[in-house]
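This is what each chain is made of:
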Amino acid sequence: MESRTRVLLLTRALVAATLLTFSLSGCAWIKGIFAKKETAEQEQVAREQTEEEEDNAAAPRVIDPEVERREIKRPAIDTENFEIGAYYGSMSVEDFASNPVYGVKAAYHVTEDFFFEANYGKTKLGTTSFELLNPGVDPLNLGTGRPFTYYSLSLGYNFLPGEAFVGRKLALNSAFYVSGGLGSVRYAGEDKFALNFGAGYRILPTDWLTVYIDVQDRVYNSDIFGTTKLTNNLEARIGVTAFF
Amino acid sequence: MLCAILATPEALASKRDYAQLFVVEPYLELKTGPGRGYPVTQVVARGEAVDVLFRRTDYFKVRTERGVEGWVAAVDLLKAQYADGSNFSIDLGDRNGFRTHDWEMGVFAGDFDGASLVSGYVARSLNDNMKVELTGSQYIGDQRSGYMLEVGLAQVFAPEWRWSPYVTIGGGIFRVQKDLQRPNLVDRNDETAYIGLGVRYYLTRRFFVRAEGKERVIFTSRNDNEELTEWKVGLAFFF
Chain V
1400 MESRTRVLLL TRALVAATLL TFSLSGCAWI KGIFAKKETA EQEQVAREQT
1450 EEEEDNAAAP RVIDPEVERR EIKRPAIDTE NFEIGAYYGS MSVEDFASNP
1500 VYGVKAAYHV TEDFFFEANY GKTKLGTTSF ELLNPGVDPL NLGTGRPFTY
1550 YSLSLGYNFL PGEAFVGRKL ALNSAFYVSG GLGSVRYAGE DKFALNFGAG
1600 YRILPTDWLT VYIDVQDRVY NSDIFGTTKL TNNLEARIGV TAFF
Chain G
273 MLCAILATPE ALASKRDYAQ LFVVEPYLEL KTGPGRGYPV TQVVARGEAV
323 DVLFRRTDYF KVRTERGVEG WVAAVDLLKA QYADGSNFSI DLGDRNGFRT
373 HDWEMGVFAG DFDGASLVSG YVARSLNDNM KVELTGSQYI GDQRSGYMLE
423 VGLAQVFAPE WRWSPYVTIG GGIFRVQKDL QRPNLVDRND ETAYIGLGVR
473 YYLTRRFFVR AEGKERVIFT SRNDNEELTE WKVGLAFFF
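As they're listed, the protein sequences go chains V and G.
At position 131 of the first sequence (counting the first as 1) the number is 1530 in my numbering, and the numbers step up by one without a gap.
At position 115 of the second sequence (counting the first as 1) the number is 387 in my numbering, and the numbers step up by one without a gap.
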């Protein structure tokens, strides 16, 4: 009985030892498999790297993988609202006949309808009837060259904007306008406060060039003949301006 | 010759870099001129681009990819986008512009110690509140006439208000052309300094009204200085 028990115990011990041996060796075997796989991967990567380096050495890369954002340039937009130019015409100064007038003009177009305008002009005073009858006398003390100058600051309004058709193929932008403002006139060494109002027609051969005709009435109180009276002084002119 | 002169600005302009905008709305209308009275003769389809050549008042001259040129209203062009999808933005000359703008110009009429006063000014904004002003004036009276040219500072207290008060201070040159009380005046140029109080009122679009009173000292070369009052009201615009 005792010997049977001993044999059983010995047998179990043997089985346990055998199992332990197998299990330990199995772990090592599995570990070995993984190790082999890792080595293969490393080899693959190394091979690829070598190939890549070879490629780089051979030719530049055609495709750049880094995507750059496209930069949008936003250039400042030119604003062309100022207008500057010169004019020539004829001005009738009350009691002093009509004479050529010339001057300069600057304007700013605030909206499509309204614009501000500044004018400075110069003309010459003609001879009065009294001077015609008494040659060589200058009782009015008009000065050498008998100059008459004025300036005005006006507000204008474009109405009837449209196109003027020149021939069959050409259409030019144009507009009628009215304007009015204030300023002063200077003659015989005196300044007079003056109001002005008038109308004109503007045509644009190009986007930046303007040709216009314009009539203005300059109204002021004159006392050069002793009594104060309101005078109307009409001026008709043709001018050229450029937008910038 | 004339053709060469007329062509020059375009030739110069073609070297410039223009802003390119893409049409996002179904179409963009091109007019023949910068105003509502001009007819629409071309449209640009959605997805197409236009080059913005220049601006006049609230219209833009543009050129399409096919080389067609026309005028687009600012409100229409605001709906277009840059190539990166960002919106086109401009100053429209509205109430916001009344608060924030770079330049102002205007014309005044008023009274200067009994004389008529005509005056024009241009102002540059340092910020929404502070402006540097250059003013040229002519006073025309029975007794005395002349000119003034002055530089000053104006402080607007609340530029966002429609009625917006301000104070102004400055000085410049006071020129006498005629003085009946002193017919033999030798020194016709004097210095002047002023302090003033005014109000500006936003009208519409780019326009506003200005009214102000100034207390002015003229530093004469005579024994005593002169103190004179000036009142004026005017129409101005900003851009």
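If you are wondering where the hints come from, they were derived from the structure by calculation, not from laboratory data.
Keep in mind it's a predicted model, so treat the numbers as computed, not measured.
Where hints are given, some of them may not hold.
[Stated by the list, open to error] When the alpha-carbon atoms are kept at most 20 Å apart in a straight line, the in silico EDC-like pairs for lysine to aspartate or glutamate are as follows:
id: 1; chain 1: G; residue 1: Lys450; chain 2: G; residue 2: Asp356
id: 2; chain 1: G; residue 1: Lys303; chain 2: V; residue 2: Asp1537
id: 3; chain 1: V; residue 1: Lys1472; chain 2: G; residue 2: Asp383
[Said to hold, decoys possible] Covered by chain V, per the in silico footprint, the following chain G stretches (three or more residues, Cβ under 8 Å):
id: 4; segment: 299-307
id: 5; segment: 315-323
id: 6; segment: 406-418
id: 7; segment: 423-435
id: 8; segment: 459-467
id: 9; segment: 470-482
id: 10; segment: 503-511
[What the hints assert, rightly or not] One side of the interface only, derived from the structure: several residues of chain G facing chain V at Cβ under 8 Å:
id: 11; residue: Tyr290
id: 12; residue: Lys333
id: 13; residue: Asn399
id: 14; residue: Phe491
Every residue gets a Cβ at the ideal spot worked out from N, C-alpha and C, and that includes glycine.
Given coverage of the segment 315-323 of chain G by chain V, tested with a Cβ cutoff of 8 Å and a minimum of 3 residues
violated (count 0)
Holds or violated: the segment 406-418 of chain G covered by chain V, criterion of 3 or more residues with Cβ-Cβ distance under 8 Å?
That given contact holds, which follows from 3 residues of the segment 406-418 of chain G lying within Cβ reach (below 8 Å) of chain V.
CA of Lys303(G) to CA of Asp1537(V), is that 20 Å or under?
59 Å, violated
Report holds or violated for the interface hint on Asn399(G), using the least CB-CB distance to chain V and a cut-off of 8 Å.
Hint violated; Asn399(G) Cβ to chain V Cβ min 21 Å, cut 8 Å.
Between the alpha carbons of Lys450(G) and Asp356(G), is the straight-line distance 20 Å or under?
65 Å, violated
Taking the closest Cβ pair, is Tyr290(G) under 8 Å from chain V?
6 Å, holds
Take a quick look at whether Lys1472(V) and Asp383(G) sit within 20 Å of each other, Cα to Cα.
Since the Cα atoms of Lys1472(V) and Asp383(G) sit roughly 52 Å apart, the hinted pair is violated (cutoff 20 Å).
The segment 459-467 of chain G covered by chain V? Criterion: 3 or more residues, Cβ-Cβ distance below 8 Å.
violated (count 0)
Per-stretch coverage check for the segment 299-307 of chain G, three Cβ contacts closer than 8 Å to chain V
holds (count 4)
Test coverage of the segment 503-511 of chain G by chain V using CB-CB distances below 8 Å; three residues minimum.
holds (count 3)
Given as covered by chain V, does the segment 423-435 of chain G meet the bar of three residues or more with CB within less than 8 Å?
violated (count 0)
Coverage assertion for the segment 470-482 of chain G with respect to chain V, Cβ distance below 8 Å, three residues required
Holds, because 3 residues of the segment 470-482 of chain G bring their Cβ atoms closer than 8 Å to Cβ atoms of chain V.
In summary, the numbered hints that this structure violates are 1, 2, 3, 5, 7, 8, 13, 14.
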